[in-house]
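Participant: Sequence:
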Amino acid sequence: MNKHIEAFLEMMAAERGASLRTVEAYRRDLEDVDAFLKARAKELHKVKRADLEAYMHTVVQNHLSAKTQSRRLSAIREFYRFLYSEDIIKKNPADYLLSPKVGKSLPKYLSESEIGRLLDVAAHKNRRMKTLLEVLYASGMRVSELVSLPVSSVLKDANSITVIGKGNKERIVPLNEIARQALDQWLMLRELLLKKGRTNKWLFPSRSSSGHLTRDGFFKALKEIAVEAGISPERVSPHVFRHSFASHLIAHDADLRSVQKMLGHADIATTEIYTHVLEDRLKKTLEKSHPLAYNPPKGLDK
Numbered sequence: 040m041n042k043h044i045e046a047f048l049e050m051m052a053a054e055r056g057a058s059l060r061t062v063e064a065y066r067r068d069l070e071d072v073d074a075f076l077k078a079r080a081k082e083l084h085k086v087k088r089a090d091l092e093a094y095m096h097t098v099v100q101n102h103l104s105a106k107t108q109s110r111r112l113s114a115i116r117e118f119y120r121f122l123y124s125e126d127i128i129k130k131n132p133a134d135y136l137l138s139p140k141v142g143k144s145l146p147k148y149l150s151e152s153e154i155g156r157l158l159d160v161a162a163h164k165n166r167r168m169k170t171l172l173e174v175l176y177a178s179g180m181r182v183s184e185l186v187s188l189p190v191s192s193v194l195k196d197a198n199s200i201t202v203i204g205k206g207n208k209e210r211i212v213p214l215n216e217i218a219r220q221a222l223d224q225w226l227m228l229r230e231l232l233l234k235k236g237r238t239n240k241w242l243f244p245s246r247s248s249s250g251h252l253t254r255d256g257f258f259k260a261l262k263e264i265a266v267e268a269g270i271s272p273e274r275v276s277p278h279v280f281r282h283s284f285a286s287h288l289i290a291h292d293a294d295l296r297s298v299q300k301m302l303g304h305a306d307i308a309t310t311e312i313y314t315h316v317l318e319d320r321l322k323k324t325l326e327k328s329h330p331l332a333y334n335p336p337k338g339l340d341k
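So the sequence shown is numbered by the numbering used here: it starts at 40 and just counts up by one.
Hints should not be assumed to be uniformly reliable.
Said to hold, decoys possible - DEER-style ranges, computed between Cβ atoms:
no.	residue 1	residue 2	range
1	D294	L103	35 to 43 Å
2	R60	P272	34 to 42 Å
3	E125	G56	12 to 20 Å
4	A105	H163	51 to 59 Å
5	I203	A46	57 to 65 Å
As the list claims (entries may be wrong) - Dumping the calculated BS3-like pairs for lysine-lysine here, alpha-carbon to alpha-carbon at most 30 Å:
no.	residue 1	residue 2
6	K42	K81
7	K208	K259
8	K77	K106
9	K77	K42
10	K106	K205
11	K81	K147
12	K300	K147
13	K164	K240
14	K42	K169
15	K169	K205
16	K169	K208
17	K262	K300
18	K130	K106
19	K85	K130
20	K129	K42
21	K106	K81
22	K87	K77
23	K259	K240
If you are wondering where the hints come from, they were derived from the structure by calculation, not from laboratory data.
Note that CB positions come from ideal geometry on N, CA and C, so glycine has one too.
Use the sequences and the hints to build the structure in full.
Facilitator: Below is the structure:
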């Protein structure tokens with residue numbers, strides 16, 4: 040091991056009382072930095088801030104967790120602070136070293152045709168699953184909101200559904216025609232399925248301890264449908280349905296405020312992530328409509 044890393048770790052354990060776990064974590068982090076620098080013919084105690092910034096960029100590019108990134112940055116800062124205090128280096132290259140900003144990851148969503156395939160498979164499974172997916176795609180509800188819907192949440196005309204979201208906040212979400220029809224048919228079947236004289240307040244009752252369909256039960260059934268639809272089950276989840284609902288609405292010119300209300304977001308900034316679909320649409324529009332896109336001047340088509 041690099042002698043400077045060893046000296047630093049000894050100081051951390053002896054003077055600062057760092058636990059063995061912390062010392063080992065710093066060891067791994069600093070050895071990783073050392074290996075990165077050696078590959079670039081750099082010595083750990085003879086680097087500039089640009090070298091450390093380059094290392095931190097690779098940490099981000101390797102998709103390490105935010106927690107790991109933070110710990111790596113902390114290890115670097117502490118290490119070079121130690122070298123400076125011991126007069127091993129004359130200038131601290133980690134001064135003002137910042138962690139690269141990690142861009143927001145775009146939401147995972149399915150195409151409209153993939154959603155259509157899932158709905159088609161569900162329609163051939165059973166009435167309950169068809170209704171669950173139609174309502175989920177039509178409303179963008181969270182899975183916890185969906186499975187725990189009371190039957191009273193369905194308004195008399197079934198054109199809308201009342202949802203109790205985070206913070207016990209109530210919102211009313213309109214349903215499309217297909218979801219309304221699926222819900223009407225399910226309500227009739229639900230009455231027949233309940234034993235005579237038995238009551239259940241949940242829209243999707245089950246034998247679980249809660250009395251309604253569980254998140255795990257729905258999740259498992261959705262994965263099975265994904266397999267039958269020829270879609271990787273790793274790409275399908277109730278939350279992906281929620282993302283797909285929002286992305287498809289934005290793609291079809293729904294305004295952001297309306298989508299925010301239907302999703303139950305307290306802050307519109309949370310909803311703005313779905314505008315990622317606009318970038319693709321604008322790009323396609325430009326490629327289709329801009330005169331230089333299909334008839335570029337000589338020299339620009341290379």
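Participant: Could you run down the list of hints and mark each one as holding or not?
Facilitator: Do the hints match the structure? See the list:
1. D294 - L103: 35 to 43 Å: Given about 37 Å between the Cβ atoms, the range holds.
2. R60 - P272: 34 to 42 Å: For P272 against R60, whose Cβ atoms are near 36 Å apart, the range 34 to 42 Å holds.
3. E125 - G56: 12 to 20 Å: Given about 19 Å between the Cβ atoms, the range holds.
4. A105 - H163: 51 to 59 Å: About 43 Å separates the Cβ atoms of A105 and H163, which means 51 to 59 Å is violated.
5. I203 - A46: 57 to 65 Å: holds, 59 Å
6. K42 - K81: Satisfied, since the Cα-Cα distance of roughly 15 Å is no more than 30 Å.
7. K208 - K259: holds, 28 Å
8. K77 - K106: Holds - the C-alpha atoms of K106 and K77 are around 25 Å apart, at most 30 Å.
9. K77 - K42: holds, 14 Å
10. K106 - K205: This hinted pair holds, its Cα atoms lying about 26 Å apart.
11. K81 - K147: Distance of about 40 Å is beyond 30 Å: violated.
12. K300 - K147: holds, 21 Å
13. K164 - K240: holds, 24 Å
14. K42 - K169: violated, 65 Å
15. K169 - K205: holds, 26 Å
16. K169 - K208: holds, 27 Å
17. K262 - K300: Holds: K262 and K300 sit about 28 Å apart, inside 30 Å.
18. K130 - K106: holds, 28 Å
19. K85 - K130: holds, 10 Å
20. K129 - K42: holds, 18 Å
21. K106 - K81: Given that 30 Å is the threshold and the Cα spacing comes to 27 Å, the pair holds.
22. K87 - K77: Given pair K87, K77 holds - Cα atoms ~14 Å apart, limit 30 Å.
23. K259 - K240: At roughly 23 Å apart (the allowed maximum being 30 Å), K240 and K259 satisfy the hint.
Consistency with the previously given hints fails for numbers 4, 11, 14, ordered from lowest to highest.
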